[in-house]
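Asker: In case you want the letters, here they are:
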Amino acid sequence: MPPEEHILWCSEVAKKYLDMGWTSCVGAAAAKPRLDVVIRNAINDGTIVGPRYLAASQEITVPGGLGDTTAPHLPQHEFAFGAIVSGAEEMRRCVRMFAKYGVDSIKINLSGESITGMPSEMSQFTSEEVRVCVEESKAWGKRVSAHARSSWAVKECIKQGIEVIYHASFTDAEALDMLEANKLKHHVAPGLAWLINTCHHASQWGLTPEVTRKMGYHRELEAAIESMKAMRRRGIRILPGGDYGFAWTPHGTNAKDLEYFVKFVGMSNMEALLSATAWGGPMMMMGKQIGYIREGCLADILLVDGDPLADITVLQDKDRILSVMKDGVFHREPPVGAGRPVRSGAPLNATRWN
Amino acid sequence: MAPTLFTNVNILEGTGVLPYRGSVLVEGNRIRQVGRSTSAITPAGATLIDGAGATLMPGMVEAHTHFSWNDAATLSGIQTMPLEEHVLWCAKVAKRYLHAGFTSCLGAACAKPRLDVVIRNAINNGQIPGPRYLAASQEITVPGGLGDETLPHLPFPEFSFGVNVNGAEDMRKSVRMFLKYGVDSIKINLSGDNFVPGADSHTAWMTDAEVAAAVEEVKMRGKRIIVHARSKASIQQALRHGIELIYHASFTDTETLDMMEAAKDRIFVVPGIAILYALLNESEQWGVTREIATGWGYQLEWDAALDSLSKMHKRGIRVLPGGDYGFAFTPHCQNARDLEFFVKYLGFTPMEAIRSTTLYGGQIMLRGHELGAIKEGWLADLLLVDGDPLANLSILRDPKRILAVMKDGVFAKAPTIASQRAWGQAA
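If you're matching them up, the sequences are chains A and B in order.
The number in the numbering used here is simply the position in the first sequence, starting from 1, with 38 added.
The number in the numbering used here is simply the position in the second sequence, starting from 1, with 763 added.
Hint data in this document are derived by calculation from the structure and do not stem from the laboratory.
All residues carry an ideal CB built from backbone N, CA and C; glycine is no exception.
It is possible that part of the hints are untrue.
Derived DSS-like pairs (lysine-lysine); straight-line CA-CA distance at most 27 Å [said to hold, decoys possible]: (1) Lys875/B with Lys70/A; (2) Lys54/A with Lys1176/B; (3) Lys855/B with Lys70/A; (4) Lys326/A with Lys223/A; (5) Lys1176/B with Lys356/A; (6) Lys858/B with Lys356/A; (7) Lys1027/B with Lys875/B; (8) Lys982/B with Lys875/B; (9) Lys54/A with Lys858/B; (10) Lys943/B with Lys70/A; (11) Lys875/B with Lys138/A; (12) Lys267/A with Lys54/A; (13) Lys936/B with Lys986/B; (14) Lys858/B with Lys53/A; (15) Lys53/A with Lys1176/B; (16) Lys943/B with Lys855/B; (17) Lys53/A with Lys855/B; (18) Lys54/A with Lys855/B.
Simulated restraints, written as ranges between beta carbons of each label pair [stated by the list, open to error]: (19) Phe117/A with Lys936/B: 21 to 29 Å; (20) Asp1070/B with Asp365/A: 51 to 59 Å; (21) Asn1155/B with Asp357/A: 40 to 48 Å.
Hey, can you work out the whole structure from these sequences and the hints?
Answerer: If you want it as structure tokens, here you go:
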């Protein structure tokens, strides 16, 4: 997609997230270098409408790794989905470039992704490259997040101080112990809907269960569910969201994750809800300013028709999310019942509708 | 979609006919009925808008639009905005034009190759709100000419506001690239501008071979050419090559005017005189005093332009409003000010000024058979205006007086339902 169309697309999607009640979003990676930064700035200066947003870099990867979509005969970096680096100094240069562009976080791909042909259990990057990525990011005050499906990748995140761990499907006892020992330093966002929908709800895009089983996703889904259950028992923060924006995980349906947390990970409705609110504050690097209805907290508030604690799926239904307020301002105003004044004191006089 | 009935409105057709009280019924995207009765029978399910004497007129057409001009005072200030921000800027401006009452805009040139095309497409597929839009290319110019913003030590095309060409084949290649991108019109700079050192408004620099190559390519694909032509030589060059859209046209003589009159059924002149006025009178805070502007030659050009354009108007040549809004000193959406200038300086009647942005507007948008007037069967691009524009044209640039904007049968700006306005005083 050319950059001009791409930025308009992002702008439209940002509004859609806010429509659906996501008053804050943490960027996980952008498809072109500046998309996230520009959208964040445009939201903040009022040019467009969207949630509070933390802007990410592109995915940083290695030649041949997840995100290197160049072809042998088309090696130009414009063809790559991610930013491709090889060696510590290239990594440093790349991080510096994104820091210059103004991202809030640097995204690094530490493991594969089976659908791309590189199995999820496979890992990439040397520890030295990862170390330099974190060192340079911290030097600029940036957070690091990692695509980490493999056990090695998860452990590398903890060893190197990568705060945000995406996926974490495969964890061994050592990885879980390490995570538990550092549980207040990390956020885990598994993106379960991607695994579930890829395994079970993507046939119309050619991804039948047979195909995805062969890719390894069914095994990964089972492993991920076990990992998340273990993390939940150990009190590690698991957050919803992730990898919406594919045909079989449409933007705006992200609250599916909460349902899946209840259904597959064994969370109570309250736990699932808190994962999207109370833990959202630290995930947004805003502490307890958001995520609570408390005096003094920022007014990011949803008015919901129904009780999410009784039925967590009401949060997936736009009609049930009656109104969305961000930073004290209505993005979607509550509907007004028949016979009630639209604006107080304004008489309905000369212009009539019937 | 439910039909909409505007009743109790003063209908200003846009054709030159005096306004009359009546009702207008819109069904789908067309005007279905225009009547002199104010108590028309409302079709079942129709939305009834009682205008209480407000004026209903065709949506205005801006005939020389630069969405990508970003309120900077210089061309390089426009050019240095990064691509992503620039697209969002254009999207925002497009919406503002529509809300200001411009239901159609003719792109006059954009600051990066695809901006206009992308915005037109996004409007057409419903992604963003905006007027009907014809997308332009960047300005095509020659090295050292208006639009060449490269510096000797930074010769890269990305630094240039326009596209620099040298020779007929270079021109052909550039035109083909823009046609491939999907523009509706190719913009060529045939003359300079007084703020460009060494390339003032009296210049003309393109060879006939270069212009002919552009015309040939554009005609072959059924598109149009727009020229920036301030000097006499450049206007004559445009006419010789059969180019229909002439922007500025400040300097003329009897021979030039005769040539224009002979072609009056196919040419349009869009002078964009607001920028001449602004540079002379309203640009001091950006460092352009009247003295500086006069030194550059703008006083001379202002005088010449008023003379030329008045004569064109007398000879029946279509002169349309719009142009070069989007600089720091000509803010976007004040474009209807041109109508006031036309009356004050060019000898237009207010009715003629209205016609230039409505009936002639539809013609320049290539839809003269269905756009630009309130007629049965025509497209429903309509404005509901608080007051009588014929008595006071300046209300057309007051957002509060533009009560409603309808484009293609759909409200872009819906009339307030529960307004506290005193409707009875509208007319």
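Asker: Hint by hint, which ones does this structure get wrong, listed from lowest number up?
Answerer: Hints 7, 12 are the ones this structure does not satisfy, whereas the remaining hints hold.
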